[in-house]
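Chemist: As a plain string of letters, each chain reads:
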Amino acid sequence: MTKLPRWADVVLVPLICLIIAFAFSAILIAAIGQSPAHAIWIMIDGSLGSTYGLGYTLYFATNFIFTGLAVSIAFQASLFNIGGEGQATLGGLGTALACLLIPWPHWSLALMASILASAAFGAAWALLPAWLQARRGSHIVITTMMFNFIAYALMNYVLVNILRPQGSMDPATARFPVTVNLPKLGDILGVVGIPFSSKNPANISFLIAIALAFAVWVLLWHTRLGYALRAFGKQEKAAIYAGIDPVRITIYALLLSGGISGLMAINAVQGAAHRLVLNSVEGAGFIGIAVALMGRNHPFGIVLASLLFGFLYQGGTQLALGTTIPREVITVLQALVILFTGALPYMVQRPLEALFARLARKEAA
Amino acid sequence: MELASFLQILDSTVRLATPLLFACIAGLYSERSGVFDIGLEGKMLVAAFAAASASYATGNVWIGTAAGIGAALLFAAIHGLASITFRGNQLISGVAINFLASGLTVVLGSTWFKLGGQTPALTDGARFADITLPFARPATESLSGVGFVSGFYSHVISGHSILVYVALLLVPATWWLLYRTRFGLRLRAVGENPAAVDTAGVSVVALRYSAVAITGLLCGLAGAYMSMGLSAGFLREMTAGRGYIALAALIFAKWRPWYALAACMLFGLLDAVAIRFQNIDIGLLVIPVQFTQALPYILTVIILAGFVGKAIPPRAGGEPYVKER
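For the protein sequence lines, the chains are A and B, in the order given.
In terms of my numbering, the first sequence is residues 451 to 815.
In terms of my numbering, the second sequence is residues 4 to 328.
Next up, chain B with everything else stripped away, as it sits in the complex (with noise of 0.2 Å):
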């Protein structure tokens, strides 16, 4: 393969990996903290609707993510009511703001624009504008004849909107979090043991508030980005199973910061991968692209029947904490 295209690959790999990324650590808290919630797919996608939304109405991309923030945090809101306050099933409560957001982005989205769906396309100020990094060479400049080294930095570092490097710098933000200070000591135990945690004298429902809250709004850029960065305006189902993903690559991360970030590189790699070569010819055999689209599922499977280390969910997660009387 030549350099050009094998970087055009690692560039796109960083932006189909982005929103994996907000939405994989945005699951991270929640379920950490023992609120399972496969409801991520639905509060991006409400969220990439409303960011699109607003942005074009008001032309400012900072407006957008912040209703993209707001409405993600309207749905995480009903998800801690009914998994926290009401102890429902939080497995059902997910599946339903699923289908919430799928049916509401299109009715709201068909009413207000009249394109079936679908907002307006963004213009420039609407969007997230690329930032290119000090010494970088503009993306818009041929690949041709450029070194690896400045190419890769050039190409693949720099190049991005603002959110790609706010989902990287996430990383290691939730790890410092989650090991280093005693929000997340509190948040890790919650999650596995919340009886011990109420009997410290620590609310159980504030700490998995505040971590359901941390979901929506990293949903929500999750969502903005979406809709903002990776393209421009909000498209149907346009998160098309992002949210499953994410979920897929947390259980391949075992529930980890810093393998979070892999797990979405290797899942955003094979999105990227899948996009450019359809079928992939090895020589004794084609690998067809329905496989290279599936293989994110199939890992996953694959970890979660342990043969490959186990993964192991943190043990309070979907029970809901009823105080001893």
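Isolated chain A (complex conformation) (with noise of 0.2 Å):
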């Protein structure tokens, strides 16, 4: 059979897929009463028809573009790193650590400590696991599927016995000094002259986020880590024998893969809750994998699919306080995205490269 073009490989399954799982969600909502059509308006007017939707939109797609590069970064290497969760909430323990221990001066200081301890944190979270994968092939979606719970455990302890202030009752922990805080999306908007509303949680680090998913471009097509990191995701026994060294990498691209999954702490506890709270995650970890397989692994999609699913997420939130539709349809719609792009992408890609077959044939005659 004919391979599909590029192009169709690339934009078009995805494209398909996504529609698919519109059209599913939509005869969802019409099965529960409500209208398809105004459910969308709602969701395309909350989310991006003012730039206080915007800025909502835009901080849940920063939370997803940093879990979503973390998934693809282990893709690559053919690894499912389905911890991003644990790694993420791990994450959120060193950004309040960062922020809580030590009286930073500004916030440009506490970024870069919390940068460093949320990534630090992520990434040693997923040590363990992939030294595990690495040398005694303890297969890495389970244990880190097992240390996403063990995760949410320790960090229970620590919220309710260590870092909860006293006489509060909340597993929380203090409310981060207001010099930590970082500035907001609006505000930076505001120095340059272009008006966007500040009452949002949007704020520095979907900058970051952006300029990540630059650094992980460079680094899987331009830095010789990168092109080992491939090559082993490709064809495992041909980059041992071009001298990759399995452990080395795998571990590699684990550790690399954690410390991004980390790295959202500094949007949502640093840069929005202002503090640490037991859920911090709230299923970033998990949207990571929808995001990576819609993006099809390749940082650029993986910021479109983030903005997508962020203004998904928006758009749920407000469809749950503008109609009776439960926001939960949004969870429906992932699912079936990730069921359509990840698990089921032959069924949309055979009839297309039988179609393409027909086309070059008729080309041909």
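Read the hints as simulated data drawn from the structure, not as lab findings.
Small disclaimer: the values here were computed from a predicted structure and weren't measured.
No residue lacks a Cβ here, since even glycine has one placed at the ideal position from N, Cα and C.
Below, in silico cross-link-like pairs of lysine-lysine (DSSO-like), each with a Cα-Cα straight-line distance of 27 Å or less:
(1) B/326 to A/687
(2) B/326 to A/453
(3) B/326 to A/684
Covered stretches of chain A, as calculated for chain B (at least 3 residues, CB under 8 Å):
(4) 476 to 486
(5) 581 to 591
(6) 733 to 746
(7) 779 to 786
(8) 795 to 804
Dock chain to chain to rebuild the complex, using the hints, since each chain is given by itself in its own frame.
Modeler: Here it is, written out as structure tokens:
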């Protein structure tokens, strides 16, 4: 069978998957007696209709860029890191410690410290699964999944027994000092004269996430390590024959992945919540899987897919506020996107291949 | 510890281990046939929801059970389609199924019952009744002054709903099916070396689909027990990671039925202890409840690390089978 042209593989397949997922979700909304057209209008209006809504969209998208890049860098090495949730949770702990333990005179210093701390904590949480995968052959999916639950229990213990301020019933840390609060995206855009609402959590982390996406692209396609990583992912035996150390590359890939997951905390914990709560990640680690699949494992695609999911998340919140449609409709949509782009791509690819083959024959005739 | 509270812990161990056991044996069939299934959680959740909804609507626990099984079978069919027919990534399909269940149950539940995602409480006929075995004291009777043997029989062995006994019988039944029948031999073979099974003229696709269907059936029972046995109705996210614990138990048991029983009982015991004691003071130090809760996962990682006997999954697990042309 003829292979699909590259543009069809990169653009058409995810687009068709997305349309199918949307169609099923529309059927679901219609089935619960609501109007899909009205729902999509509320979502668009609430997430893109004002700079206030747009800020929320960008805030969610920032989280997903981090977790999506994390999943994809491991995917490139043929490793499925399902532990983004746990690694980002630990990243939150790193950020909270960096913000609470040292009285920073300025946010920029605090940001640098929390970038280092969150990445280090996230990477550390990936280290043991990485080592077990590389050295002992323990399946990375299962170990990282177990580490998600262990992270949750650990965080529960740390927040309830150690970091909780005296007299507080909430399993959460104290508020961070205002000096470590990150500049809002609205304030930054205001400096260059673009009016943008500051009453939303979008902050400088969005720009950091974009820069990181670029850095990941450079790393993967323009460095030795990136080459080794991709070669290992494409053909393990050939990579080993070419002198790539499988143990080292597995550990590097997962440390990078864990570190990038951990970085999510600068947006969610330092940038928005200003304290560490029990469930600071809120499922973003798992959405990273959908984002990486949808974005075809490429940083540029991941940024686009993150914006799409940011729109869906903000839109879903608006749905819950403005209609009786529960916001979990978005969870269903997310599940369908994962299902069609990640587990059923051949279902879309095969008919497309047949179609393209027929077109090619017609042209030849 | 007093005898009474000791017996109570064992009693709740059996109750809490039952959904784990159903889900664990469910996963055993699928994974032994070479189809990884991290979607046990989702199938349990959707089954718990469908069972409670149908049982509430009809007032009949058996119609509820059938609905639970039906829903889990439907989800199993999606997994089969993705992993067997379309040769997709089995792990990603499992992740998708978990999210699908998590979203769908809340969307449908809050639309149907207007209770924010839970079903109304189920009354007697719509729940599984506890069975009192012959010669056992009724479960309501006080535990004070009861001897160990009589207390153990009356409160730990007797006094559970029918599904608890079904789950326990499932263990020898699975052992027999797996190691003493032709179907079992083929099932194990297709998970190790599908090409050999294919060469012998047996359909790999049919075998794997039947294994995935059994997984769906058993996840249906796990969910039905969750919402109609363990509690009286569906709550959102009520499976609370039990599907993953069952998966951990399956690895802990190294994909063998009798060990699965032991692993599920152990994890059920940990759950019962965590619920009853919170933090445990053992003199020198206090074991925090979070540690007890995380222990199943920690133990599984240790087993996976291979320091205490290596857990080796079925060799063809996770690989879609492509017939040679």
